[in-house]
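Chemist: Quick note, the sequences are listed as chains A and B, same order.
Just so you know, the numbering used here puts 76 at position 76 of the first sequence, and the rest follows in order with no gaps.
Just so you know, the numbering used here puts 87 at position 87 of the second sequence, and the rest follows in order with no gaps.
To be clear, the hints were calculated from the coordinates, so they are not data collected in a lab.
Any given hint might turn out to be false.
Copies of the same chain are indistinguishable here, so a pair counts whether it falls within one copy or spans any two.
As the list claims (entries may be wrong) - Think about it this way: if two alpha-carbon atoms lie no more than 25 Å apart in a straight line, the pair counts; the simulated PhoX-like pairs of lysine-lysine are:
{"hint": "1", "residue 1": "Lys-9", "residue 2": "Lys-131"}
{"hint": "2", "residue 1": "Lys-9", "residue 2": "Lys-125"}
{"hint": "3", "residue 1": "Lys-9", "residue 2": "Lys-56"}
{"hint": "4", "residue 1": "Lys-72", "residue 2": "Lys-131"}
Given next are the chains, with one letter for each unit.
There are 2 protein chains.
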Amino acid sequence: MNTPATPFKPNPNLAPGPWLDAVTWNTQGLVAVIAQEFGSGDVLMMAWMSRDALLKTMQIGEAVYWSRSRQKLWHKGEESGHTQTVKDIRLDCDGDTILLVVDQKDSIACHTGEHSCFFLDWDAKASTWQKSLE
Amino acid sequence: MNTPATPFKPNPNLAPGPWLDAVTWNTQGLVAVIAQEFGSGDVLMMAWMSRDALLKTMQIGEAVYWSRSRQKLWHKGEESGHTQTVKDIRLDCDGDTILLVVDQKDSIACHTGEHSCFFLDWDAKASTWQKSLE
Numbered sequence: 001m002n003t004p005a006t007p008f009k010p011n012p013n014l015a016p017g018p019w020l021d022a023v024t025w026n027t028q029g030l031v032a033v034i035a036q037e038f039g040s041g042d043v044l045m046m047a048w049m050s051r052d053a054l055l056k057t058m059q060i061g062e063a064v065y066w067s068r069s070r071q072k073l074w075h076k077g078e079e080s081g082h083t084q085t086v087k088d089i090r091l092d093c094d095g096d097t098i099l100l101v102v103d104q105k106d107s108i109a110c111h112t113g114e115h116s117c118f119f120l121d122w123d124a125k126a127s128t129w130q131k132s133l134e
Numbered sequence: 001m002n003t004p005a006t007p008f009k010p011n012p013n014l015a016p017g018p019w020l021d022a023v024t025w026n027t028q029g030l031v032a033v034i035a036q037e038f039g040s041g042d043v044l045m046m047a048w049m050s051r052d053a054l055l056k057t058m059q060i061g062e063a064v065y066w067s068r069s070r071q072k073l074w075h076k077g078e079e080s081g082h083t084q085t086v087k088d089i090r091l092d093c094d095g096d097t098i099l100l101v102v103d104q105k106d107s108i109a110c111h112t113g114e115h116s117c118f119f120l121d122w123d124a125k126a127s128t129w130q131k132s133l134e
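Bound-form chain A, shown alone (with noise of 0.2 Å):
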């Protein structure tokens, strides 16, 4: 699942069409993405795209979201620097959700510095949550 077939290209020309309207945006008009790394295979990350989002990603090759706490387009690593660059985008069989293959940056795709987002882990002993020391 890691190597396409067809490495991504980004395409600066891409228009809205059919593609777009192939995905199942939910009633917010966002759609789920999850964020693997190229490679590892790791789950960095789960966000949202809009529409406009996901054709500027499309367009850029680097991951756009839609931030819902700050309600507008999110150019990832806009700030920090974390870009993730596309490497593969598919679609799931109901269409709700797109699994992003991304190269990430200095490979720090949360915004605590750490490498992937999931990093509690569940501790049975304490039935509790605690910080992975991976």
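Position chain B against the provided structure of chain A, taking the given hints into account.
Modeler: Relative to the frame of chain A, chain B by itself:
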């Protein structure tokens, strides 16, 4: 990320507690869940869990989701046989997404019979989503 230091073990006696409140439940009382295959690292599917679904998953060690279409608990594989045995559970930085690392029975996660729900790949030449040959 695929080799947790402490392998997950189900706990039939686990009760609701602060660990369950640590999850950021959305307005529908749900949390997004990404299922990733243990070993391969393939992202299999995205689904949702309610509090009851997460508790049940922890108790039995198999993925139990909340079916939004059927509005009830959905023990994945209860009809198809394609159960998911939990190997690791992780929570993300803001608590609103869970990463479930699983052994996928029969290697089939999707209701279409595909290995992963993410079998539609972006075809840049045709500007459309095409079924992946992988």
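Chemist: How do Lys-72 and Lys-131 come out at 25 Å by Cα distance, when the copy is not named: within, between, both, or neither?
Modeler: Neither. Shortest intra-copy (30 Å) and inter-copy (32 Å) distances fail the 25 Å Cα cut-off.
Chemist: At 25 Å max between alpha carbons, let me know whether Lys-9 reaches Lys-56 within a copy, between copies, both or neither.
Modeler: So Lys-9 and Lys-56 pass the 25 Å test inside one copy only (13 Å; across, 43 Å).
Chemist: Quick one: Lys-9 to Lys-125, C-alpha cut-off 25 Å, is that within a copy, between copies, both, or neither?
Modeler: between (47 Å within a copy, 10 Å between copies)
Chemist: Given a CA cutoff of 25 Å, do Lys-9 and Lys-131 count as a within-copy pair, a between-copy pair, both, or neither?
Modeler: Intra 36 Å, inter 18 Å, cutoff 25 Å: inter-copy only.
Consistency note: the structure conflicts with earlier hint 4 alone.
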